[in-house]
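Trainee: Here is how the chains run, residue by residue.
2 protein chains.
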Amino acid sequence: MKIADKTITSLLPILLVASALRADPLPSWEETPAKTEIIQFVESTTDPESDSYVPPAERIATFDNDGTLWSEQPMYSQLFFIFDRVNELAPKHPDWKTQEPFASVLKGDYAKALSGGDKAIMELVAATSSGMTSEEYSDAVRDWIKTAKNPEKKMLYTDMVFQPMLELLTYLRAEGYKTYIVSGGGIDFMRVFAEEVYGIPPEQVVGSELQAKFAMQDGVPVMIKESSLDFIDDKAGKPLGIYQHIGRRPIFAAGNSDGDMQMLQYTTVRRSSDDDLPRFGLLVHHDDADREWAYDRDSHFGKLDKALDAASDNDWLVVSMKDDWVSIYPAASSASSKE
Amino acid sequence: MKIADKTITSLLPILLVASALRADPLPSWEETPAKTEIIQFVESTTDPESDSYVPPAERIATFDNDGTLWSEQPMYSQLFFIFDRVNELAPKHPDWKTQEPFASVLKGDYAKALSGGDKAIMELVAATSSGMTSEEYSDAVRDWIKTAKNPEKKMLYTDMVFQPMLELLTYLRAEGYKTYIVSGGGIDFMRVFAEEVYGIPPEQVVGSELQAKFAMQDGVPVMIKESSLDFIDDKAGKPLGIYQHIGRRPIFAAGNSDGDMQMLQYTTVRRSSDDDLPRFGLLVHHDDADREWAYDRDSHFGKLDKALDAASDNDWLVVSMKDDWVSIYPAASSASSKE
Numbered sequence: 001m002k003i004a005d006k007t008i009t010s011l012l013p014i015l016l017v018a019s020a021l022r023a024d025p026l027p028s029w030e031e032t033p034a035k036t037e038i039i040q041f042v043e044s045t046t047d048p049e050s051d052s053y054v055p056p057a058e059r060i061a062t063f064d065n066d067g068t069l070w071s072e073q074p075m076y077s078q079l080f081f082i083f084d085r086v087n088e089l090a091p092k093h094p095d096w097k098t099q100e101p102f103a104s105v106l107k108g109d110y111a112k113a114l115s116g117g118d119k120a121i122m123e124l125v126a127a128t129s130s131g132m133t134s135e136e137y138s139d140a141v142r143d144w145i146k147t148a149k150n151p152e153k154k155m156l157y158t159d160m161v162f163q164p165m166l167e168l169l170t171y172l173r174a175e176g177y178k179t180y181i182v183s184g185g186g187i188d189f190m191r192v193f194a195e196e197v198y199g200i201p202p203e204q205v206v207g208s209e210l211q212a213k214f215a216m217q218d219g220v221p222v223m224i225k226e227s228s229l230d231f232i233d234d235k236a237g238k239p240l241g242i243y244q245h246i247g248r249r250p251i252f253a254a255g256n257s258d259g260d261m262q263m264l265q266y267t268t269v270r271r272s273s274d275d276d277l278p279r280f281g282l283l284v285h286h287d288d289a290d291r292e293w294a295y296d297r298d299s300h301f302g303k304l305d306k307a308l309d310a311a312s313d314n315d316w317l318v319v320s321m322k323d324d325w326v327s328i329y330p331a332a333s334s335a336s337s338k339e
Numbered sequence: 001m002k003i004a005d006k007t008i009t010s011l012l013p014i015l016l017v018a019s020a021l022r023a024d025p026l027p028s029w030e031e032t033p034a035k036t037e038i039i040q041f042v043e044s045t046t047d048p049e050s051d052s053y054v055p056p057a058e059r060i061a062t063f064d065n066d067g068t069l070w071s072e073q074p075m076y077s078q079l080f081f082i083f084d085r086v087n088e089l090a091p092k093h094p095d096w097k098t099q100e101p102f103a104s105v106l107k108g109d110y111a112k113a114l115s116g117g118d119k120a121i122m123e124l125v126a127a128t129s130s131g132m133t134s135e136e137y138s139d140a141v142r143d144w145i146k147t148a149k150n151p152e153k154k155m156l157y158t159d160m161v162f163q164p165m166l167e168l169l170t171y172l173r174a175e176g177y178k179t180y181i182v183s184g185g186g187i188d189f190m191r192v193f194a195e196e197v198y199g200i201p202p203e204q205v206v207g208s209e210l211q212a213k214f215a216m217q218d219g220v221p222v223m224i225k226e227s228s229l230d231f232i233d234d235k236a237g238k239p240l241g242i243y244q245h246i247g248r249r250p251i252f253a254a255g256n257s258d259g260d261m262q263m264l265q266y267t268t269v270r271r272s273s274d275d276d277l278p279r280f281g282l283l284v285h286h287d288d289a290d291r292e293w294a295y296d297r298d299s300h301f302g303k304l305d306k307a308l309d310a311a312s313d314n315d316w317l318v319v320s321m322k323d324d325w326v327s328i329y330p331a332a333s334s335a336s337s338k339e
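From first to last, the protein sequence lines stand for chains A and B.
Going by full-length UniProt numbering, 11 is the number at position 11 of the first sequence; the sequence numbering is gapless.
Going by full-length UniProt numbering, 87 is the number at position 87 of the second sequence; the sequence numbering is gapless.
Note that these hints are calculated values from the structure, not bench results.
Fair warning: there could be bad hints in the mix.
Which copy? The list can't say, so a pair holds if one copy fits it or any two copies do.
[To be verified] No more than 25 Å apart at the CA atoms, straight line, and that leaves these computed lysine-lysine pairs for DSS-like:
{"hint": "1", "residue 1": "Lys-97", "residue 2": "Lys-178"}
{"hint": "2", "residue 1": "Lys-213", "residue 2": "Lys-303"}
{"hint": "3", "residue 1": "Lys-107", "residue 2": "Lys-92"}
{"hint": "4", "residue 1": "Lys-322", "residue 2": "Lys-178"}
{"hint": "5", "residue 1": "Lys-213", "residue 2": "Lys-149"}
{"hint": "6", "residue 1": "Lys-213", "residue 2": "Lys-306"}
{"hint": "7", "residue 1": "Lys-154", "residue 2": "Lys-119"}
{"hint": "8", "residue 1": "Lys-154", "residue 2": "Lys-112"}
{"hint": "9", "residue 1": "Lys-154", "residue 2": "Lys-178"}
{"hint": "10", "residue 1": "Lys-235", "residue 2": "Lys-153"}
{"hint": "11", "residue 1": "Lys-213", "residue 2": "Lys-119"}
{"hint": "12", "residue 1": "Lys-107", "residue 2": "Lys-153"}
{"hint": "13", "residue 1": "Lys-119", "residue 2": "Lys-178"}
{"hint": "14", "residue 1": "Lys-92", "residue 2": "Lys-178"}
{"hint": "15", "residue 1": "Lys-97", "residue 2": "Lys-303"}
Could you put together the complete structure from these sequences and hints?
Mentor: What follows is the structure, encoded as structure tokens:
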């Protein structure tokens, strides 16, 4: 009797693990072919008996952020951070009242402020962050993101992450994948919340960068943000960012816009007959006007046009938010959970 | 009797683990204060009961490469690779016979070739790698390093790694540290052998970079190396490389020259009274003319002057290769092992 008891106790952890392995890793995904395709890829690449087995070191998965892991409408969250910073700093810059693009920001006319294109955005970025130490900047983002809300959904930005994608990240990591963010967003901006929100540590976040310089300030080592751009992690910049930061090609990449096309090409297109690792490209298609937003070929933010055409040529999985996802955001997911 | 047998069998793995934990993690280090100081730091930062405990995510350790993990005399190994490439490519460039710095390289007068300083080095780097895809470059390094030998020691470069430092890397990783290379050497050059030789994967190698561009070449995605420098990972560039690639300050850094001083400052100097993580700086001092080379303040490669002065101000551990290391290279280590 005593021996039997012990046997059961010692088997318990094994039984729990086995049961956890059998549990649905993607409960917020509908039972559609998209979910099946993802699970088949992950299972075949991690099964040592499979022809598609991939050693753990090569299990690199890269994810765009805006529009892929969280919502990007009516515009990228980081732009709202910048606009809020302009308002905060305005008392020290009386000239901004008449000087574009600042004047339009202060009037709340964001479309007009952004009509100056990249040049206007760079002026705004420089005015709101250059000269700060990296810690001062991180502190400002940390404070802001605790309370700032999306103007249309009235939700915290960190509550507007996609529950199905959080499950995908967790699932991949549980299966020995190393998950990275590779995004056009600012690397410093994303690193503040990526670990807490996505489980992705700072060293696995790749993004756009301002130049910076190291200095000993009053005997203390600091990194000071400068005003010129060092790197734009978008379009052909994404494979470059991957090459510089990771040093090997991912075998899995997820995006949602034309800015992600080159990353998906770099990840999935075979180079030669020797290049026999299995490869997976995924595009999130924003087609759910009720629960999120619906946009693709004509959108200003997150335009999905060439990449959508490339998806069929390259066998990338196009995920319909409307049809393939049970829920969009974590709050809705826990409220309307099927469990 | 049967039960007793089972008990012993089931305890065996535990006993083996306990015994492994008690084994000396640094057998190639002499029983000097240097070894004690390292072990005390690692034990106190990983003991949850200790006031100096550091959560695993913050256990970042960065290592210079040339002179810290392997020998750097009579000059950096990568320079020999470049010189060998010049010789290999010379038949296609008849003009090199009369054009500096190539002419001096072809005559074997390396000192003269390098007398043109950084400009000459950049010309050599560009001529021997720009236009190559990243794979072509990696293949060239991989082929070269299999057979190329240090001209003075007549040993393979990968056999000229420091056994005590290999043990330190392994020890740190076993204790939950993430180990990085942060070196002035070319990032692509080091990534070819860092995983096999040091156990450090490509994504944990930070180094100097040429500009590169992504292209679809005959429908195949490639990264093409260009001729201008993108980033020099030396001196103040080292903390910058750490900030960009890792996104948090290391708590342990090891170097051997003035080029590492800023990395050690960035790692070890406290910023404020809130900055209470324990911190460790280490400098390898090349003072062993018999077994390796002896040089410091006046050396052309690996000059250790300002950083040596900074060591006493900052309580960095200066490791004497002569007094603190039982052996230098792995081959010697296995030949003259104390075990």
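Trainee: Each hint: holds or not?
Mentor: Against the structure, the hints come out as follows:
1. Lys-97 - Lys-178: neither (47 Å within a copy, 49 Å between copies)
2. Lys-213 - Lys-303: Between. Shortest inter-copy distance 23 Å satisfies the 25 Å Cα cut-off; intra-copy 34 Å does not.
3. Lys-107 - Lys-92: within (17 Å within a copy, 64 Å between copies)
4. Lys-322 - Lys-178: neither (28 Å within a copy, 41 Å between copies)
5. Lys-213 - Lys-149: Intra 32 Å, inter 38 Å, cutoff 25 Å: neither.
6. Lys-213 - Lys-306: between (37 Å within a copy, 20 Å between copies)
7. Lys-154 - Lys-119: Classified as neither: same-chain Cα gap 29 Å, cross-chain 56 Å, threshold 25 Å.
8. Lys-154 - Lys-112: Close inside one copy (23 Å), not across copies (68 Å); limit 25 Å.
9. Lys-154 - Lys-178: Neither: 33 Å inside a copy, 40 Å across copies.
10. Lys-235 - Lys-153: Neither. Shortest intra-copy (28 Å) and inter-copy (47 Å) distances fail the 25 Å Cα cut-off.
11. Lys-213 - Lys-119: both (22 Å within a copy, 23 Å between copies)
12. Lys-107 - Lys-153: Answer is within: at 21 Å inside a copy they meet the 25 Å cutoff, but 71 Å across does not.
13. Lys-119 - Lys-178: Result: close neither inside a copy nor across copies, 35 Å intra and 39 Å inter.
14. Lys-92 - Lys-178: neither (44 Å within a copy, 43 Å between copies)
15. Lys-97 - Lys-303: neither (32 Å within a copy, 54 Å between copies)
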